[in-house]
Amino acid sequence: MARFNALSLLKHSLTGHKNWPEQWPEAQPRAEYDVVIVGAGGHGLGAAYYLAKQHGITNVAVIDKGWLGGGNTGRNTTIIRSNYLYDESARLYDHSVDLWEDLSQELNYNVMYSKRGVLMLAHTVHDVQSFKRHIHSNRLNGVDNRWLTAGECKEYCPPLNISPKARYPVVGGALQERAGTARHDAVAWGYARAAAARGVDIIQNCPVTAIRRGPDGRVTGVDTAKGFIRAKKVAVSAAGHTSVVMETAGVRLPLESFPLQALVSEPVKPIFPCVAMSNAVHAYISQSDKGELVIGSGTDQYTSYSQRGGLPLIEHTIAAITEIFPIFSRMRMLRKWGGIVDVTPDRSPIIAKTPVPGLYVNCGWGTGGFKATPGSAHVFAWTIARDEPHPINAPFTIERFRTGRLIDEAAAAAVAH
Amino acid sequence: MNKLVSSFTAAPLPQGAVARVSLAAPVARLVLRARGDLAALNAALGVTLPSVVGHRAGAGEIEVLCLGPDEWMLHLPPGQVGAVSASCAALMGSHPHSLVDVSGREVTLEIDGPRAAELLTLGCARDVEAIPVGQGRRTAFDNVTVILWRDGPAAFRLDVWNSFAPHVAGLLETGCRELAAEAA
Amino acid sequence: MLLIHCPYCDETLPEVEFTYAGQAHVVRAADPASQSDEEWENFLYIRSNPKGPHYERWRHLHGCGRFFNAVRDTISDRFLTTYKAGAPRPELSSLLGDRT
Amino acid sequence: MKSCRVPGRGRVDASRPVTFTFDGRRYGGVAGDTVASALLANGVHLMGRSFKYHRPRGPVSAGSEEPNALVGTRRGPGRFEPNTRATVQEIWDGLEVTSQNRFPSLSFDLGAVNDAGYMLFSAGFYYKTFMWPRGFWDKVYEPFIRRAAGLGASPTEEDPDSYASRNLHCDVLIVGAGPAGLAAARAAAVEGLRVVLVDENAEAGGTLLSEPHLQIDGRPVWDWLASELSVLKALGVRIMTRTTAIGYYHQNMVGLVEKLTDHLPALPADTPRERLWRVRAGWVVLAQGAIEKPLVFNGNDRPGVMLAGAAQTYLNRYGVRVGDRPVVLTSHDSAWFAAFDLQGAGARVQAIVDTRPSVREDLLHEARALGIPVKLGHTATASSGRLRVKSLRVNPVQGGRVGAPVTIACDAVLMSGGWTPSLHLFSHTQGKLAWDEEQTTFLPAETREDCVIAGAGRGLWGVQAALEDGAARGRGVAAALGKDSTARAPRVQGDRTGTGITQIELPTDLNAGRAKAFVDYQNDVTAKDLRLAVREGMHSIEHVKRYTTNGMATDQGKLSNINGLNIAADALGRPQPQVGLTTFRPPYTPTTFGALANYHRGDHFELTRKTPIDAWAEAQGAAFEPVGQWRRAWYFPRPGEDMEAAVRRECAAVRGSVGIFDASTLGKIEVVGPDAVTFMERMYTNPWAKLGVGRCRYGLLLGDDGFIRDDGVIGRLAPDRFHVTTTTGGAARVLNMMEDYLQTEWPDLNVWLTSTTEQWSTVALNGPNAAKLLAPLVEGVDLTEEAFPHMSCAECTVAGLPARLFRVSFTGEIGFEVNVPSPMAMQLWERLWQEGQRYGITAYGTETMHVLRAEKGYIIVGQDTDGTVTPYDAGMGWAVGKSKPDFVGKRGLARPDLVAKNRRHLVGLLTQDGSRLEEGAQIVFDPDQPIPMTMVGHVTSSYHSEAVGQPIALALVEGGQDRMGQTVHIPMPDRTIAATITGTVFVDPENTRLKI
Ligand SMILES: Cc1cc2nc3c(=O)[nH]c(=O)nc-3n(C[C@H](O)[C@H](O)[C@H](O)COP(=O)(O)OP(=O)(O)OC[C@H]3O[C@@H](n4cnc5c(N)ncnc54)[C@H](O)[C@@H]3O)c2cc1C
Ligand SMILES: NC(=O)c1ccc[n+]([C@@H]2O[C@H](COP(=O)([O-])OP(=O)(O)OC[C@H]3O[C@@H](n4cnc5c(N)ncnc54)[C@H](O)[C@@H]3O)[C@@H](O)[C@H]2O)c1
Ligand SMILES: Cc1cc2nc3c(=O)[nH]c(=O)nc-3n(C[C@H](O)[C@H](O)[C@H](O)COP(=O)(O)O)c2cc1C
Ligand SMILES: [Zn+2]
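Chains D, F, G and S are the protein sequences, given in the same order. Once you know that position 155 of the first sequence is 155 in our numbering, the rest is easy, because the numbers rise by one and skip nothing. Once you know that position 172 of the second sequence is 1172 in our numbering, the rest is easy, because the numbers rise by one and skip nothing. Once you know that position 27 of the third sequence is 2027 in our numbering, the rest is easy, because the numbers rise by one and skip nothing. Once you know that position 137 of the fourth sequence is 3137 in our numbering, the rest is easy, because the numbers rise by one and skip nothing.
Chain D on its own, in the form it takes in the complex (with noise of 0.2 Å):
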């Protein structure tokens, strides 16, 4: 892999840039390979980097019905935090924001993690309580956040408005000082680059329209726009699509896929600092290092596949915005667009063995699954390679649905991204 930094910039520059190397060549299937991952997304690329990386396996396929980085990775608001509630959940994403920490000189390729700070707005007692539950557990799990009073909150973020005449006064806020946001796309594109110099095979515009399993119920391989390629393994990330692949092994998933949406603004000059997401409100919004406000909305009420999504969710969005940054007003909306996010029950993903041997998935990430890209590929690529979960993703399994053992952060606090 030519490495990437200003020497090797300027020297390419030298030469009008003619030189560089295809980041990642554009592979055709193989007959058969170690391990299949199906989507390429963040969580697929990530796992095929880990796999080869961490545990020596290299004959790997990521497959995907399009272009890399074209799913959920490429059309998210890029919040990354790992302030949650419960001791499972804040193990994973801490492990997450930990790995992304080093990520850009891990995979040689600038991923821009901004530790630009993530600020909560509470709104009511309610809020409060639920905050302050978050925080105080986050403390005793080694996780940074923090309470900010209204005050505190409007120092923090300046355009905020924190009249106590709002519909929804601002009352204090928790702060995550460490979390952030990332270039959404070069972590795709830096995981690729880094999987192909392994020798993992990266195949797009290629669908997999079937798992095939053998008279031993083992997967064999799978079928796909090319053909049938045979695999020892079958990892499935493929986001909102996850039921629709896995259904075609017989295994059925606690999941929904659901329209979300998200918008940018045209760019302007830096005005917003950190983070700020309202749950009570629905708004969550950044600003790009290109100078977008960076928005995201909630998920449409009927489940989807049609990346289309409609108005009044947009109308809505950009209201809660407006209240709780007046000053945004006269800006102007530039584009929308939406993804197909996979939605569990609890609200939590499932990283796991499936009942199928050689079968594994890691899906159900909901509206919040950008954030975990490498710790959740880390511990994908840790499952599939041992054959048993990491002890981080150990609790994520699909049966906790039938036990009843959930890991129920939405029903704990209604807290999204």
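For the record, the hints were derived by calculation from the structure and aren't laboratory data. Beta carbons: idealized from backbone N, C-alpha and C, even for Gly. Take the hints with a grain of salt, since some may be wrong.
[As the list claims (entries may be wrong)] Just so you have them, the derived chain F footprint on chain S, three or more residues with Cβ under 8 Å:
#, region
1, 3271-3285
2, 3598-3608
3, 3664-3673
4, 3744-3757
Mind docking chains F, G and S with the ligands on chain D? Use the hints.
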């Protein structure tokens, strides 16, 4: 925005040349639920319950709107509630139904003027013009459930629960002012 | 914003009058006590989530208040049909027409 | 100042001068001008700076597709907006315009050093660097990158303007009022079809406004246009100008934004700045026209280089000659007409440079006749001029070889690379595109929506063709709606049609690797960047877009997408249809947040529900708290009291004498019918069959997963009638859940549900004197322990008002809830208040209610439970009817984890040092363990208790019910607090105080 808080004192409402909003006089309201053969209930009420959602019927001072396949809203003079309730109650054994007095639950706003229908488009996503005169619908006005009665081409009534009325009236007031400015 | 035909009101109306109510024809067993943990898990959580025609429920919340069933294509979001609760589940072939 | 206004040309009103400022300097324009046309009329081309390299830029277009001429506009305090397209903003007296993304000034900008470092800042350069030294990212690199962000500056003040919205239903919506749209409107406006015609421009007409030489039906085009518009109005067509169709949503819902005041010198009263229209149309006709493509060559971005069609529009519509000595550079016939028009308006066109080796004879003929030099088979390889183009370097191309250059001095370059249909809204429908090899462009193909495309939007050339196509589409749509339309298109004279070829970057004799041939002007994406992206493995057009940011600027690729595609396809060696376009998404042009939020601001952002007592509480100075949509009186501070003091006093008053509380927000559902009891048995955990008429019972509602969802007291008013109460926040949810089970699972039950939340307002009286106060006012019930014991209910008269009286207590004191019809609630309240004076009656709020109930161990669903708590966890196994065959949640409760040992149980906590715990604080058994600690629960409720004499708390603790008396620890940041586990009832466990 505090105007209609207790909802029962007629507050000044917008009076524009093109659309007006006013508070209707109090009326008794009963929600009737029943299914199957309605003949006995019709007889007890003295009015034939319409069976198509959105259709209305009236007899004497009773006005009925069919809200759902087994649901009707009755408007009647407050003095008649006792008698109507009693005659229905007598049928409970033979004709199971539910009659609930909700007279105090909501208020009625009257909306008229040449651009009354357009005023309603501020909050109604459905095609208001398409509701035939003499019919009514339960619908949503800016996400608030309301019952909309169409009394004439440019005359409507809107039943709104008390606590939602200030919001609805506030939007209508804004709309009246906008329409007046547009017409000017 | 979708347009939805309410089979009770017999009108096609904007989505804002309706609420989505999940997959249809998920039957709650007559005798839940007889259900295994797996069966109860299926009832509570396991959903078909298809890409394509989906049997689902809606409620005409701001209208007649009825829950009803629908078949909607989750790729296009188009409704193939809506029908009253309790009505038999329409065959897909009858909805999609002859595609040969 | 130099004037480039051409007398007698254009539709602007020369007799109405308008003055505005640009970067503080005053300029004159005339009514009808945009900022761009007015500045151009003053000879000013330099209007902006590009994003990355800060290159000086002028307008390249005359419409909403403009990427370069973005400015800030201001109208006094609070009314500033960045990134306004100068080509769209109309001028008015006093408008303040400022340039952006420059320091210290537009003509001298320090940021332009980036331009010098051009070779370093190649596509995606930031992914390759800024990684070392490791610690520099946070401190040095990122702050540096972030400072470079953005174009204009964000507004910093609250917006004083208002915004509006309406819904609109029509049979036919036509987007675009050019010839195609006008003709479609005429054809569709038959037999009462409701037709709406919208155009983003200040006036309808589209291209017709730029083609004054035409004759239609024998009349000068503008006369025809005026009369056609009045005919359409007379036919009932709703014509909306300054109205942009921003997005095409499901099932023919189209969002429009109408600009109402941005063009006015004075703001009219009661008029919103913008209005969002949600249009639902039976059919949609997209007649959006086509957008001209720039040519991609080294130096194609200097001020003065603009689209030929734009120059024509500036001349013919605004009466402005954009250059005295223009060069026309084209690969398409249409630019020749621009050359002719400018020449005819007094310009001296220096040359028409066409990349094609041959062109139509009539064009050559006319050029010759007008004395315009022509260079066929030429390329452009460079331009010069810093703040305005000074010359164009052109070379002949023969057999693919670029010959010797000549330099043509000029003051404008008018370019055309051909046209591309406006596919944006069509693409929003997820409609399929088809590649048209002849025009080398995508054309609209299939869509699932009821939508047709007319005119230039589907690749048709010429006004006649547009009119005919519009009329045909209009007739088709009318036919689809069951109407017969016979409208025919009028005849056009003087129509100028043309063809052309598509170019990728123009061939050059210079080092292509160093060329600044821009594809996306605003984002400074060059052809070289696109090729680099492909070379680096970005083989999907979506990757190319994201790696280079091509098409991601505020024009959303209107000018750059098709050029970008052609270049990428060339680099990939694949045909364009295999490469494909990136997705167009809403909005069509950037849309203000204000319009999208419209009415939902301030009080209307989310409505606030208030009870009939609310005004009284407000008058008393109550503090309020939001609960769901409601606002409730939180506490009633007296002068000088803080919350704690007020609550302490209110608590004492209730326990000491009597308190009055507004409980009107409680949800209420009337359950009526012969099967009412069966229904209640199935919904709630509790048994109901044996509950006598006139009695009430606490009910617990679970989900089918076994977890607590809601609770409330339920009274049986008659064998077949229950008065159910729910939590304030749960009312709608519970009713929905009940309807769901009733309609879906048990449709055979003869029972009906009616919400009576707002029928009844509820006034609660609690305290040892409650019965004494109330008894004299009650008729029909004897308020004695024997006749009306705790948990009784009755219909009666209170203070002369019809009432439903419940004897219940959420405080542990003798308690009554008096329900009266809402209109009478204030009357009741005032009477009780007056009668209560002799007992020192005290109004209390939700906080006191919370304290008093916690002292009795009553839970608040949502505070002491959180969606993971079962009745057994909450210590309420007593409320579960174990012998019932089924109820909602029964099976769920039997799942393995819900019957597991060591679940978290609700218990009481008393701190050993008497300090008050913080709600949400976490609990551990072993305080000395390292982090991460093993947590075993958390504090759910915590208050100072006047009655207990120390703070009390409720908490969920692992196995808590088996740990009575044990010590747990609550580690806080500064210290660890020890607490003893107790039962949940802190006051009067025997309930002696409930007795009258
Ligand atoms: C609008 C939006 C905002 C969000 N905001 C945030 C946020 O702020 N913070 C956060 O942490 N998370 C956020 N998320 C969630 C986050 O984006 C996802 O959880 C995460 O990116 C999932 O990554 P993934 O790799 O699992 O899935 P994806 O990136 O979606 O990758 C799955 C891949 O599988 C491929 N695939 C599917 N089916 C097949 C098939 N049959 N054959 C082959 N390939 C297939 C898809 O093409 C896709 O590329 C947001 C999501 C959206 C949509
Ligand atoms: N086929 C071609 O490539 C081509 C190229 C250039 C010009 N033309 C000429 O264009 C004319 C065709 O007329 P036409 O009616 O098809 O197009 P037109 O350009 O005359 O009219 C389209 C109108 O739609 C408006 N519009 C576009 N998007 C909009 C939106 N989202 N919301 C509101 N308004 C919007 C435009 O501002 C314009 O006023 C003929 O004169 C033809 O010669 C054709
Ligand atoms: C964090 C983030 C920032 C974005 N910024 C821009 C932007 O500045 N301009 C733009 O046109 N699109 C921007 N997009 C949106 C993408 O163009 C695109 O809409 C998104 O990746 C979804 O892909 P699709 O619209 O092609 O389906 C951004 C997306 C994300 C996730
Ligand atoms: Zn209905």
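Which constraints among the numbered hints does this structure fail? Numbers only, ascending.
Going through the list in order, the structure violates no hint and respects every one.
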